[in-house]
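Here are the chains, one letter per residue:
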Amino acid sequence: MRADYLARRVGVFVLIVWLAATLNFFLPRLSGQDPVRATLLQQASLGGHVQMGLEAMVKEYEGRFGLDKPLWRQYVTYLGDVSRFNFNYSISNYPRTVNEIIAEAIPWTVVLLGTTTILSFTIGTLLGALLAWPGAPRWMRLLMPPLWALHAIPFFLLGLILMYVFAFRFQLLPMFGGYSPGAFPALTLRFVGDVLAHAILPALSIVLVATGGWALGMRGMMVTTMGEDYVTFAEAKGLTRLTIFLRYCVRNAILPQTTALALALGNILSGAVLVEVIFGFPGVGTILFHAIRENDHFLIQGIVFTVIVALGVATLILDVVYPLLDPRISYRRT
Amino acid sequence: MRTLLEARSVTKVFGGGVFERSSTVALENFSLAIDADRPSIIAVVGESGSGKTTLARLLLGLTAPTSGHVLYEGQDLQQMSRERRRKFRRDIQVIFQDPYGVYNPFYRVDHVLATPVAKFGLARSRAAARTLIDEVLRDVGLRPEETLGRFPHQLSGGQRQRVMVARALLLRPRVILADEPVSMVDASLRATILGSLSAMHRERGISIIYITHDLATAYQISDTIVVLYGGAVAEVGDVELVVKQPQHPYTRLLLSSIPLATTARTWMSEFATVASSADTETGCKFAARCPSVEKVCRETAPPLFKTHAARAVACYLYRDAPTLDADAIGSVLTASAAASPPASQTIQPTRSRP
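First to last, the protein sequences are chains A and B. First residue of the first sequence: 53, per my numbering; consecutive thereafter. First residue of the second sequence: 6, per my numbering; consecutive thereafter.
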């Protein structure tokens, strides 16, 4: 690994983040809506007040959020803030800050998506490898059609079906939320159990769908790899079947899978917005959904920016680590 | 005669399953034997699709024959015990055509040399193993310090193929099966690799089965030759006889297809056409392309006619000669092997052995 490569790669990373942050700044503002006015109007109509002094309030709040300044000033302030991971107040949840809200939601999403991604990757890859292997038990072939079918169903649709069957029909599992409404978050066995029970259905709907994708990808790569000459040669050398399977077939076939895994892990934060929304799971997806509905620029910016940084970091790590995974790739200049 | 490796009336049919309309006969009633006491170099020659690679896979036990048996020291490859198979895997070494494809890209080239040393206990210590590996690498003309520690993609095709030859050497096998070992390396390296192979044969008494489509190199290194066409033996016998005076029309075609660096003969002027789809099912496989085809050729496939103590031809042109059972090909091969040394000595000047 050369230092200049690493430096170049980090430079590209910074450039991508800056571009994304810029888009992130201008896109919500193109909608032409005034979030402050809308929020205040909503609150005013709820309270039954007349619109007296509303304009003054809008001015006051816009001043506080910095929205009264010219666009370029706002942009410069925004870039400065963003580089320090400071996203200001949430408009719809004032006076809570965007950071507070995101920090609260991130653990939920990371745990749910992180676990399900790694779980479905492991099961799917192993299953895919065995599906292609002639020495695997015959009954495994029967798994192919259901895997295809599950892979074709979107996450959220399967989530709805699961919810209907397990939560509504048989009432085995809770339907909604991250934990029971009365429960108080604490590190007790009871609360943890409650959280797990709530997480089963969303996790299941992700794992079932994603496993099929991983398995099909791995199976395709395995079939290609098993046709390689070095596998035939390994057989002629008299290597054991296990060695050929693990060191020659799986080892080579798994490369594209690890690339996909790194991207999937980087995509965790925004990966299952709809699943989170359907199950009312208190994760990043749900707050993003609400932020968009309520036109909360600052919150949208905060979440999207976090997602972009996560994805960028995942790609960066992948690029740096890849030569260790595949000896054919090196970053020496030739 | 004690046979080392033997194919006995082997037939291999691909396809013909429930969902496939047609099946392909890759090899039909093929027999071959290698004498355990008298090592030889046998060339198997044929165009693509003639069943050469199928033959290699069958001899290695990688594919099971549809009918017939492949035997190693009298034992069927498909019914070997673990221990016997281990010995077989050591005694028969293979060199494949494609030096780019046979390496697992994850391992350094050392792995392909060090693993057999460890697995078969060829050296007592690491240092002894290293000496052994250095020695075989030098034998094939590679410099160990430039080769070891590299990944396959960092070596050239010729270097990789020579590492393969070194690996085969390292194990001191009794038979080396070389499936088109030089068709993907350039001409200068071709000589080096073929040279290593025939040196192995001369100095260490290793039998070599040299599978190729190239009659010229086959003639260079082999004692006997088997010409395959469409999965069946067209002509078999001493290489001098077969190449100098080809009898089967297909062998003649093959010989005339060799481009020569001379203007005396126009290349491709003869009947070098591709077989038409009207290939006969029951008759001689070559009937559709044969210039001297007769009615009987299209009806029944010709048996082998033994035209010489060291040669047999599957062609009705020689129907006066006594027929030879396919199983008895071995007798022709050993006869030629016996006749070969004096023959090759007499004609030594014209035949440059590398």
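Rather than coming from a laboratory, the hints here were simulated on the basis of the structure. Ideal Cβ positions, reconstructed from N, Cα and C, are used throughout, including at glycine. Misleading hints may appear alongside valid ones.
Said to hold, decoys possible - No farther apart than 20 Å at their CA atoms in a straight line, the calculated lysine to any residue pairs in the SDA-like style are these:
#1 A:Lys-111 with A:Val-64
#2 B:Lys-249 with B:Ala-314
#3 B:Lys-249 with B:His-313
#4 B:Lys-92 with A:Asn-138
#5 B:Lys-124 with B:Arg-91
#6 B:Lys-300 with B:Gly-335
#7 A:Lys-121 with A:Asn-138
#8 B:Lys-92 with B:Arg-131
#9 A:Lys-111 with A:Gly-132
#10 B:Lys-124 with A:Val-283
#11 B:Lys-92 with A:Thr-292
#12 A:Lys-111 with A:Ser-135
#13 B:Lys-92 with A:Arg-293
#14 B:Lys-124 with B:Ala-134
#15 B:Lys-124 with A:Glu-287
#16 B:Lys-92 with B:Ala-41
#17 B:Lys-92 with B:Ala-132
#18 B:Lys-124 with A:Thr-292
#19 B:Lys-124 with B:Glu-151
#20 A:Lys-121 with A:Arg-81
#21 B:Lys-92 with B:Leu-67
#22 B:Lys-124 with A:Asn-140
#23 B:Lys-249 with B:Gly-210
#24 B:Lys-249 with B:Asp-219
#25 B:Lys-124 with A:Leu-298
#26 B:Lys-124 with A:Leu-67
#27 B:Lys-92 with B:Asp-42
What the hints assert, rightly or not - Derived CB-CB ranges, DEER-like:
#28 A:Thr-174 with B:Gly-162: 37 to 47 Å
#29 B:Arg-7 with A:Leu-195: 46 to 56 Å
#30 B:His-158 with A:Arg-60: 17 to 27 Å
#31 B:Val-18 with A:Leu-58: 34 to 44 Å
#32 A:Thr-295 with B:Ser-130: 33 to 43 Å
Right, here's what the structure says about each hint:
1. A:Lys-111 with A:Val-64: violated, 40 Å
2. B:Lys-249 with B:Ala-314: holds, 16 Å
3. B:Lys-249 with B:His-313: holds, 14 Å
4. B:Lys-92 with A:Asn-138: violated, 70 Å
5. B:Lys-124 with B:Arg-91: Distance of about 10 Å is within 20 Å: holds.
6. B:Lys-300 with B:Gly-335: violated, 30 Å
7. A:Lys-121 with A:Asn-138: Holds, at roughly 18 Å.
8. B:Lys-92 with B:Arg-131: violated, 23 Å
9. A:Lys-111 with A:Gly-132: Not satisfied, since the Cα-Cα distance of roughly 23 Å exceeds 20 Å.
10. B:Lys-124 with A:Val-283: Judged against 20 Å, a Cα distance of about 18 Å means the pair holds.
11. B:Lys-92 with A:Thr-292: Given pair Lys-92 (chain B), Thr-292 (chain A) holds - Cα atoms ~14 Å apart, limit 20 Å.
12. A:Lys-111 with A:Ser-135: violated, 27 Å
13. B:Lys-92 with A:Arg-293: holds, 17 Å
14. B:Lys-124 with B:Ala-134: Holds, because 12 Å separates the two Cα atoms, which is no more than 20 Å.
15. B:Lys-124 with A:Glu-287: holds, 15 Å
16. B:Lys-92 with B:Ala-41: holds, 15 Å
17. B:Lys-92 with B:Ala-132: Violated, because 25 Å separates the two Cα atoms, which is more than 20 Å.
18. B:Lys-124 with A:Thr-292: At roughly 12 Å apart (the allowed maximum being 20 Å), Thr-292 (chain A) and Lys-124 (chain B) satisfy the hint.
19. B:Lys-124 with B:Glu-151: Violated, at roughly 25 Å.
20. A:Lys-121 with A:Arg-81: holds, 14 Å
21. B:Lys-92 with B:Leu-67: It holds: about 15 Å lies between the C-alpha atoms, which stays within 20 Å.
22. B:Lys-124 with A:Asn-140: violated, 65 Å
23. B:Lys-249 with B:Gly-210: Cα-Cα ~26 Å, so violated.
24. B:Lys-249 with B:Asp-219: Holds, because 15 Å separates the two Cα atoms, which is no more than 20 Å.
25. B:Lys-124 with A:Leu-298: holds, 18 Å
26. B:Lys-124 with A:Leu-67: Violated, at about 52 Å.
27. B:Lys-92 with B:Asp-42: Holds: Lys-92 (chain B) and Asp-42 (chain B) sit about 18 Å apart, inside 20 Å.
28. A:Thr-174 with B:Gly-162: 37 to 47 Å: Holds, at about 38 Å.
29. B:Arg-7 with A:Leu-195: 46 to 56 Å: Holds - the Cβ-Cβ distance for Arg-7 (chain B) and Leu-195 (chain A), about 51 Å, lies within 46 to 56 Å.
30. B:His-158 with A:Arg-60: 17 to 27 Å: Distance hint for His-158 (chain B), Arg-60 (chain A) holds at roughly 23 Å.
31. B:Val-18 with A:Leu-58: 34 to 44 Å: Violated: the Cβ-Cβ distance is about 57 Å, outside 34 to 44 Å.
32. A:Thr-295 with B:Ser-130: 33 to 43 Å: violated, 24 Å
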